[in-house]
Amino acid sequence: MSLLPQCAGAGAEVPRPIRVFSADAEGIDLCIFDASDPNRKPDVIPMTRREPWEWTADGARAGLRYAFRASGPWEPRRGLTFNPNKLLLDPLAPAITGGVRWDDAVFGYRAGENGWDGAADSRDSAAFVPRGLIVDEAFDWGDDRSPATPWRDTFIYECHVKGATLLHPDVPEQDRGRYLGLASEAFLDHVQSLGVTALELMPVQASLTRRWLTEKGLTNYWGYDPVSFVAPDARFASGDRGEQVVEFKRMIQALHARGLEVILDVVFNHTVEGDQTGPTLSLRGLNNRAYYRLDAEGRCIDCTGCGNAINTDHPLTRRVILDALRTWVTRMHVDGFRLDLASTLGRRGEGGFDPEHPLIVEMREDSVLARVKIIAEPWDARADGYALGRFPRGWPEWNDRFRDRVRRFWRGDGGQIGAIASAVAGGSDLLSAKQGPLGGVNFVACHDGFTLRDLTMYERRHNDANGEHGRDGHADNLSRNWGVEGPTGDPRILRLRDRAQRNLLATVALSIGVPMIAAGDEFGRTQGGNNNAYCQDNVISWLRWPAEARTADASRPDPEARSLTAAARFDRRADRSTSGASPIGGEASAPSLLTFARDVFALRRALGVFRAERFLTGTAPCPCGIEDVAWRHPDGMPMTHETWHEPERRALLMLRHGHDADASEGSGAADGAASAGHTVACLFNAGAGTAWFMLPRLPISGRWVRALSTLRNVTIPKAIRSGRVRVPPYSLAVLTFASDGDRGSSVGERVFEDRGLGVLAAPR
Numbered sequence: 001m002s003l004l005p006q007c008a009g010a011g012a013e014v015p016r017p018i019r020v021f022s023a024d025a026e027g028i029d030l031c032i033f034d035a036s037d038p039n040r041k042p043d044v045i046p047m048t049r050r051e052p053w054e055w056t057a058d059g060a061r062a063g064l065r066y067a068f069r070a071s072g073p074w075e076p077r078r079g080l081t082f083n084p085n086k087l088l089l090d091p092l093a094p095a096i097t098g099g100v101r102w103d104d105a106v107f108g109y110r111a112g113e114n115g116w117d118g119a120a121d122s123r124d125s126a127a128f129v130p131r132g133l134i135v136d137e138a139f140d141w142g143d144d145r146s147p148a149t150p151w152r153d154t155f156i157y158e159c160h161v162k163g164a165t166l167l168h169p170d171v172p173e174q175d176r177g178r179y180l181g182l183a184s185e186a187f188l189d190h191v192q193s194l195g196v197t198a199l200e201l202m203p204v205q206a207s208l209t210r211r212w213l214t215e216k217g218l219t220n221y222w223g224y225d226p227v228s229f230v231a232p233d234a235r236f237a238s239g240d241r242g243e244q245v246v247e248f249k250r251m252i253q254a255l256h257a258r259g260l261e262v263i264l265d266v267v268f269n270h271t272v273e274g275d276q277t278g279p280t281l282s283l284r285g286l287n288n289r290a291y292y293r294l295d296a297e298g299r300c301i302d303c304t305g306c307g308n309a310i311n312t313d314h315p316l317t318r319r320v321i322l323d324a325l326r327t328w329v330t331r332m333h334v335d336g337f338r339l340d341l342a343s344t345l346g347r348r349g350e351g352g353f354d355p356e357h358p359l360i361v362e363m364r365e366d367s368v369l370a371r372v373k374i375i376a377e378p379w380d381a382r383a384d385g386y387a388l389g390r391f392p393r394g395w396p397e398w399n400d401r402f403r404d405r406v407r408r409f410w411r412g413d414g415g416q417i418g419a420i421a422s423a424v425a426g427g428s429d430l431l432s433a434k435q436g437p438l439g440g441v442n443f444v445a446c447h448d449g450f451t452l453r454d455l456t457m458y459e460r461r462h463n464d465a466n467g468e469h470g471r472d473g474h475a476d477n478l479s480r481n482w483g484v485e486g487p488t489g490d491p492r493i494l495r496l497r498d499r500a501q502r503n504l505l506a507t508v509a510l511s512i513g514v515p516m517i518a519a520g521d522e523f524g525r526t527q528g529g530n531n532n533a534y535c536q537d538n539v540i541s542w543l544r545w546p547a548e549a550r551t552a553d554a555s556r557p558d559p560e561a562r563s564l565t566a567a568a569r570f571d572r573r574a575d576r577s578t579s580g581a582s583p584i585g586g587e588a589s590a591p592s593l594l595t596f597a598r599d600v601f602a603l604r605r606a607l608g609v610f611r612a613e614r615f616l617t618g619t620a621p622c623p624c625g626i627e628d629v630a631w632r633h634p635d636g637m638p639m640t641h642e643t644w645h646e647p648e649r650r651a652l653l654m655l656r657h658g659h660d661a662d663a664s665e666g667s668g669a670a671d672g673a674a675s676a677g678h679t680v681a682c683l684f685n686a687g688a689g690t691a692w693f694m695l696p697r698l699p700i701s702g703r704w705v706r707a708l709s710t711l712r713n714v715t716i717p718k719a720i721r722s723g724r725v726r727v728p729p730y731s732l733a734v735l736t737f738a739s740d741g742d743r744g745s746s747v748g749e750r751v752f753e754d755r756g757l758g759v760l761a762a763p764r
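Under our numbering, the sequence shown has 656 at position 656, and the numbering climbs by one with no breaks.
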């Protein structure tokens, strides 16, 4: 019977032999296991060394379960840890079946006796570790192709495969929490209602939960502890006999059909084997000193905070990483990668990050990888690994400086006017000129840290559930609880928190660069103040979908009522405390956060000024005489060196002008009319008092129209009739300009009229 019931042609020959890479091994055996009889001794085939590092064996067929045993010296102090008693996973296995059962036998040394550098352990680990699985690569991709969205139009939605849909009642029950859940109409309708163009999936490389975490009753939920670089994690599939590969491909195909790209958060900086005292599961037994960075005594050099660091100085290791990346693109059709702790990949020798490291150069010049998106997390766990602005052109970097600047400004810190101006204008002081503003991925919240809502509810981390006495996770989150730590029923605090979330979300949407939000932040998800939920595979981490974010009838009974009830209990206090709240100002109603999120990203799509590809210069981009960017006091006067540095200044006006074709140039307007581009005023007030703004006088006649506010109801249209506008405390407003030469409404009006929303009124 076929091991791969969903794969056409199971049992067919695979087009290449099994291979593995080791420079120091004296011999490697391929062990083939009988799936129908786990007690049967495996067939053992000696592998042949064909190149200095490559070992091969022929005869692989779909459904074959396999692993390796490597023989060679046992000299831990020299980094040589070969032990043929340990069964080793293929780091490039196309799939993995089974899991790990933690036992002392999975350690290469005699655990608990003489230490990691003592005698080799003679126990066989085969009964405790998973196997690689050869899968049938046949799959009908049809006319599948990458959407290839330009960076300037990219909007990233970071999500966890399981957590995104496990509690979504409108996703088919059998698909919830799986790859196919992300392919469901309910989920796709939601993300596309936001204008999302790319899903960035938290790690889907097969991972394991470390022994100490298992013993605490916790799990590696996030998945940042890989045991394989290529195999899709079977946690997110209906089975581990090849279904994980087929269902992953079906997910990719469905997302591409909807015009969505898939970017994988990949971990090549460390593995689950941990430091020198960790288990021998794969790389450690295949070639420890080639795959891992070691010191002169054979200990792991840890620049990742995870116990070990991959040694990209060795060409063998680079070969494995490049093969893995190419495989995801060519066989699995993914559209790009986010390189976790990318600075580790660029470390040379004992030094820090080198932007011309051979691996970075090889990736940049690779014909397959050159056509996909690559995002760098530009740091690792050591200070000399911080490398924001130093990665290659075309590799946007997670911009933590943007995150911190925006958080500080909107929580009301003084002296942040210059920082917020730089953030929204693309960060020319942070990113290199060759990268331009699209070299930064702008976010204020991601999987790591507080959720958007928790940034406005908690000033301290509340991580007791992680079992580390609340000491794990970031201690300084640049957050503000607005008066009470955690849930509250105080209407004033709730209004401030609602507005604070809108301020943060709007700043991401209206800043130049590549925007990213974390799944669920658009409707105010909470983790109860846990800012390091890596081990929480439960309702703390799973998205709890409000009725307005769903496409089906929220009142129908759900087959998994118990899980949903548990989620409701988790959220009960916070949900009850926010009911009936309305923003300060006395308006009859306010948009929900989700409605606001849809509106603000619709505005971004409509206005090219927010999607510039080059840094702003402050000069007039076209004969109309309007600068691409200008900064003003609320009183209308230009900012000066002195006013930029006033510690108590918290209000600022940004005037932007640009064009759809190239918002940063604007020179394509033949007639020089402002209507050939977009003119926008963004009014920021992070202070505790009302700010009155004098609107800029432009060299053309027309009117200003309120397009967006973090305070007012977005469904009331009203043009600005005077040259002076009131912006209440802790709020942001966006005005668009309609020249008299324009036909009909302004861009801001058209954005919301097209969506049936109208235009936001000016404050009275």
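Don't read these hints as lab results, they were simulated from the structure. Source: prediction; values computed, not measured. Quick reminder that beta carbons are idealized off the backbone N, C-alpha and C, glycines included. Take these hints with a grain of salt, some might be off.
DEER-style ranges, computed between Cβ atoms [said to hold, decoys possible]: (1) Ala138 - Pro17: 12 to 22 Å; (2) Arg49 - Asp189: 48 to 58 Å; (3) Ile45 - Asp404: 25 to 35 Å; (4) Arg258 - Ala688: 50 to 60 Å; (5) Gln174 - Pro647: 50 to 60 Å; (6) Ser71 - Gly239: 30 to 40 Å; (7) Pro172 - Pro647: 53 to 63 Å.
The list that follows gives simulated cross-link-like pairs (lysine to aspartate or glutamate, EDC-like), each with its CA atoms no further than 20 Å apart [unchecked claim]: (8) Lys434 - Asp323; (9) Lys249 - Glu365; (10) Lys41 - Asp29; (11) Lys216 - Glu468; (12) Lys41 - Glu137; (13) Lys434 - Glu365.
CB-CB spacing for Pro17 and Ala138 relative to the 12 to 22 Å hint: Since the Cβ atoms of Ala138 and Pro17 sit about 18 Å apart, the hinted range of 12 to 22 Å holds.
Pair hint Lys216 and Glu468, alpha-carbon separation not exceeding 20 Å: holds (10 Å)
Pairwise hint evaluation, Glu365 against Lys434, where the allowed Cα distance is 20 Å at most: holds (17 Å)
Pairwise beta carbon distance, Pro172 to Pro647, judged against the given window 53 to 63 Å: holds (56 Å)
Whether the CB-CB distance between Arg258 and Ala688 falls inside 50 to 60 Å: Given a distance of about 44 Å, which is not inside 50 to 60 Å, the answer is violated.
Lys41 paired with Glu137 [C-alpha distance capped at 20 Å]: violated (28 Å)
Given pair status - Asp323, Lys434, alpha carbons within 20 Å: violated (28 Å)
Assessment of proposed distance window 25 to 35 Å (beta carbons of Ile45, Asp404): Check failed, 55 Å falls outside 25 to 35 Å.
Outcome of range test on Cβ distance (Ser71, Gly239; 30 to 40 Å): holds (34 Å)
Pairwise hint evaluation, Glu365 against Lys249, where the allowed Cα distance is 20 Å at most: Not OK: Lys249 and Glu365 at ~26 Å, beyond 20 Å, violated.
Range hint 48 to 58 Å (beta carbons of Arg49 and Asp189) holds or violated: Hint holds: Cβ distance 53 Å, inside 48 to 58 Å.
Restraint check for Lys41 with Asp29, where alpha carbons must lie at most 20 Å apart: Holds, because 14 Å separates the two Cα atoms, which is no more than 20 Å.
Hint check: violations occur at hints 3, 4, 8, 9 and 12; the rest are consistent with the structure.
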